[in-house]
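S.K.: Spelled out from the first residue to the last, the chains are:
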Amino acid sequence: MIFNSIRWQVQIWHGLILVTVLLGFGFAAYHVAQDNQMRAVDQELSRQMMSLLRPGRGPEAGPPRDPERFGPMEFPERLRGLEERGDLPEFNRANGSYFVVWLQDGTVAAHSPFAPAGIPMPEFNWPAHPRHSSEGPAFGHGPPQGPTGPPGPPVARTRGGFREVAGAAPGGFGILVGCSLDSERAAVRRLAVWLATAGAAILVLGLAGGWWLATRAIQPIEAISQTAGKIAEGDLSQRIDVADTESELGRLAGVLNSTFARLDAAFARQAQFTSDASHELRTPVSVLLTQTQTALSRERPAAEYREALEACQRAAQRMRKLVESLLDLARLDGARCPLKQDTVDLAALAAECIEFVKPLAAPRAIRIVGELQPVTCPGDAERLAQVLTNLLTNAIQFNRNEGEIRVITARRDNAACVTVEDTGGGIPPEDLPHVFERFYRADKSRSGTGGNAGLGLAICKMVIEAHRGAIEASSQLNHGTTFTFRLPLH
Amino acid sequence: MRVLVVEDEPDLLASLLKVLREDGYAVDGAADGEEGLYKAESAEYDAIVLDIMLPRMDGWELLRRLRKTRKVPVLMLTARDAVRDRVRGLDTGADDYLVKPFDVSELLARVRALIRRSACQADSRLTIGDVVIDTASRIVRFEDAVVPLTAREYALVEYLALHRGQVVTRTALYEHLFDENDSTLSNLLDVHVSNVRKKLGHEFISTRRGHGYCVDPPA
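Protein chains in written order, with my numbering: chain A, 1 to 490; chain B, 1 to 219.
For the record, the hints were derived by calculation from the structure and aren't laboratory data. From a predicted model like this one, the values you see are computed outputs, not experimental measurements. A virtual CB, placed ideally from N, CA and C, is assigned to each residue, including glycine. Just so you know, not all the hints are guaranteed correct.
Residues of chain B clear of chain A, computed beta-carbon distances all greater than 10 Å [to be verified]:
id, residue
1, Lys-18
2, Arg-80
3, Ser-105
4, Asp-179
Under 10 Å between C-beta atoms, here's a sample of chain B residues computed to sit facing chain A [to be verified]:
id, residue
5, Asp-11
6, Phe-102
7, Leu-189
Okay, the calculated beta carbon distance ranges per label pair [claimed, not checked]:
id, chain 1, residue 1, chain 2, residue 2, range
8, B, Glu-106, A, Arg-298, 40 to 48 Å
9, A, Ala-410, B, Arg-67, 55 to 63 Å
10, B, Gly-129, A, Phe-439, 56 to 64 Å
11, B, Glu-61, A, Val-323, 27 to 35 Å
12, B, Asn-181, A, Glu-310, 18 to 26 Å
13, A, Gly-234, B, Arg-141, 53 to 61 Å
14, B, Val-167, A, Gln-313, 28 to 36 Å
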């Protein structure tokens, strides 16, 4: 469970990396500090050794003498002299440095008062020519030095709790300077404790920061999943609250929000459509119910029954028309639009449709004028005829008596173009953008629409768009309305 | 009882007028909102059946304007049955609501109930002395025997009974008992009153000369 959580995975990796880095850094720092400390101790011991070999102090201190000038016995003697005069303060303290001088034969020639007992003699690299050698002061095993140069690097060793530096002087004696490492070891331990404490603190801080970062990064995902959950439960009005639109998750949330909005709109349209469809069915059903219930309530003369039946028939026709329109819409809505691909001559098709609707126009003395230039395009002749008939019946229905309808077919801008103009009352500008919506009627009542449910233009639009064409309406109040559709020629 | 029906679907309007007329109402019809408002304001109706989707002026607007001058009970007819619409209708001043499609019997019952309530009579049976009027079944009993009345006679009895104790003017009776198509011969009312008196006893309707008629006058 925990290992499936992204936050925990991030946190675990983050912790591992942090621990590795801290341990590596801690060990490196510890060793560097320890090395530096040893080097400092060694330097100090070397310096002290030098100061023994070059005693620039004391009353008889004249010009410094090279250690090679000391004979094997002379040097220890001198040290003892210095010691007695209290001239070697760093060697006269209980926890201070100490020195031991060996002769080449292994006997201890001299040592400081607090030197620990039983110090083994280090492996001195005795010079091949002790004293008066022309090679100069080969001190230790370093490269040969000039007669006045400093002694070569002495050999350092750690013995128990002591650090000792030893070297052989050309005078035939070996000297060792050492000190206790207690205070250094304590300092190193303090450093280790400090490093461990600081490391632990950084680890805790890092983990907390990592947790905060991971939480912050996860938060939008949680918000997205919560919103998506609510939407899955059916509340389509939910949207993800996007504060940061630039981050990756912000963009994702934006995409999801627009998807949700489209989904919501689609559902709302569907609900509206169903509600509108049932609304359209209610009135004819009311007619059927009241007519039949009234007719059946008592014995009536045949003429009254006939009247009732005629009213029922009209209601049923209206319902049939509505059902057919709904079926048309459902078919056109379907994924595969069952369009035939004939070669259609729109001029011939328009002429046919004009003939078909003329009986509707005649009683109101409406003239239909065709300006038909032959133009062919691929399409479904039956569906396109439906569009033309719909536009023509609308033009007749909303025309004034003795009005005119002009039908123009032409080829324009590489498209087949059909225009139906009427001389009716026009469509108010506020209604014009909605005329292709399902069930939309400029006049909210049913009168004057001859029982049309307001689906005709919606069907026209769907058919034309299924042909990859476009349909548009323009209107001038009290002058008339023009519907134009264009179809691609190929 | 006089009822106005405002409905734009001609077949529905025709059958509503017919069914109400056969139920003994004086009925007028209007096919659009403006005509409906004009008629509703120019005559005394006992109830109005009002469709919402109307050309020229919708039912909401008609009701809003009508309520400035008239308290007549209004039954809204609508094809939309969303709660929002019903609440809006009742808040605008409608007294009842009926969703299409409806049963004729329910429409008639609701119209009866509206008229009864607007006359402050909660019971559908009105008892005045020996006369019992059942407004639901439209039957009048006198001394426990059913009295056959014509539709117009029944309407006269019911109207006077619903306004018992009040003096009802002849003009008001003409307004409420005859629709716009009736020839309002001035003695037609006298004929009906006289017929009712023959059937329910002379004392049932008392005449206040110069004022009108009264049923069950206060002692």
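S.K.: Broken hints, numbered, in rising order?
M.R.: 1, 2, 3, 7, 8, 14
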